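J.: Generate coordinates for the entire structure from the input sequences, incorporating the hints supplied.
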Amino acid sequence: MNTKRLRTIIPLAVIGVIAVGFATHVGVGTLSAIGWQDISLLCPLGALMTMIATKTMIPRAVISVVIAIALILLFARAFCGWICPVPVVSKIRGVFSKKTSNTDMTGTGVLPADENPLVKAAKGSEAADAPAPLSADEQAALSGCGHSCSSCAEKRATFDSRHVILGGSLLSAAVFGFPVFCLICPIGLTFATIVLVMRLFAFGDVAWGVILVPTLLLAEVVFFRKWCSKFCPISALMSLVGKANRTFVPAIDNAKCRESAQGTSCEACAAVCPQGINVRHPEAGMSFSECTKCRACVEACPTRAITMPFLPKKAAPSTVIVEDDETVPAA
Amino acid sequence: MAELEEKVPDAAQPKKEQRPVITRRALCVGLGGTAALLGLGAVRYAGSAPLVRPPGGQDEDALVSACIRCEKCYEVCPRGVIAPAHLEDGILNMRTPVMDFSANWCDWCTEENGGTPLCVASCPTEALKTGSTPETGALGLAELNQDLCLAYRLIGCRFCYDACEYEAMALDENNRPYVLNDQCNGCGACESVCVSLQNGSISAGATERAIVVRPLEA
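Chains R and W supply the protein sequences, listed in that same order. Those letters in the first sequence? Residues 1204 to 1534, by this note's numbering. Those letters in the second sequence? Residues 7 to 224, by this note's numbering.
Among the hints, a few may not be true.
What the hints assert, rightly or not - Ranges between beta-carbon positions, derived for each pair: (1) 1223/R / 171/W: 50 to 58 Å; (2) 1260/R / 97/W: 40 to 48 Å; (3) 51/W / 1262/R: 27 to 35 Å; (4) 213/W / 1258/R: 35 to 43 Å; (5) 222/W / 1387/R: 25 to 33 Å; (6) 204/W / 1258/R: 43 to 51 Å; (7) 117/W / 1241/R: 32 to 40 Å; (8) 44/W / 1458/R: 49 to 57 Å; (9) 160/W / 1258/R: 50 to 58 Å; (10) 151/W / 1260/R: 22 to 30 Å; (11) 1258/R / 117/W: 33 to 41 Å; (12) 30/W / 1298/R: 29 to 37 Å.
Hint data in this document are derived by calculation from the structure and do not stem from the laboratory. Since we're looking at a predicted model, the values are computed, not measured. Glycine is no exception: its CB is placed at the ideal position from the N, C-alpha and C atoms.
T.: Okay, structure coming up:
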């Protein structure tokens, strides 16, 4: 089973477990406060907002934030790629548009691997004989953009719109004294939809919310195609903390990589990354703090040169390149 | 190794040129989102009627401030009397917990958890405060509408009187029940058994039961 399917099945399984838990009153909570009975791991943003809004230290919220930070340090934005239901809900966009565009909304958006010309070319030419060496121009292009363009500027910026909205979420909680973002959080709305629909059928609890909540959720994922990479403050929080993530970072085995071993252009890893990370040339793409550990690059690599080791191998020069870009701001 | 050497002059360049703090476009989008959140926050002042809340949630302002709409309290309630508030209760209150006594009532989990309400125990943000008991933490106050009550048509109904476990109801000289306000803790037992809205006993124009728990602040 490939990870792409797995990354759809796992969020659906999480939704299923939470729905069954709700129906049987066992107390697993929703992703806003997942856990068992009295023990809950709060959404880190929710925990911060509720503490700011009430201006009190809430023990369970503090503990949740600490645990969430530890998990983000370990897995960066893996939550976005593996557990969050929003990218799965966003697949509903396929109903509205016939285009087979990438429905993985966690990142900046790319074509799926099997439709990506760059990947096709890389995979296709694998069987071909002597690969052509890179021209000087290509070498220059691969080693990073010499001139400035807006998309590069956006990729290279330390902060983006999400981070401003994260600040806005905390500010609005402080100004109005309640967690404002929770009202429109698509993760919360996903579970609210399930709960409201279950209540509708189980108790005949007819409410406008049964229509309003899913409508709001659909509007968010349909109209804000880049919700996760441009708007989501939870994603922003994870990318900020994720700057210090050093585990499970994609690493290239230079002895296998087509570029370093054979001197040919490939870029398959950069082409498939939903986050716009360029594993081979990190300076040309998004920061590794955006990595959702989706393994698309690992699977797309025609020579299987990319791995996600628990810790970076100190000896390999490739890891030096990997770390180079982000160690300074993280320190 | 060629790459490594190339990186050195790159790193030596001033940081600002290499990585802008934020692009103008991103800043505008972000400020737009922030403005939307600040606009949404204004629903706090749109005015909302107090509601009958689960144990420990009687301070409306504190509950609305702390509740992150995680839906855990309605899940853990063993009697299913906690429900998400409707849109009709205000955008601010939507999905916050309210009591729904249509089928059952609240005994502060005396039967199920020895008197520690499971909703309070599981609330991760302390929106439902600890220490609420049937004696000290009234959820609301039962209100009997004599126009709708079957007993006031001398039918002899006394379901609510029989259901009350906190001696908060009495019968008058005609065996008609009435509420003892200083004894009532709003547990909802009376409301949950009231038959005034059921088939065959509907009073003209009735939209709710004859005995209903009202919020204390109302």
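J.: Of the hints given before, which are not true for this structure?
T.: 1, 2, 7, 10
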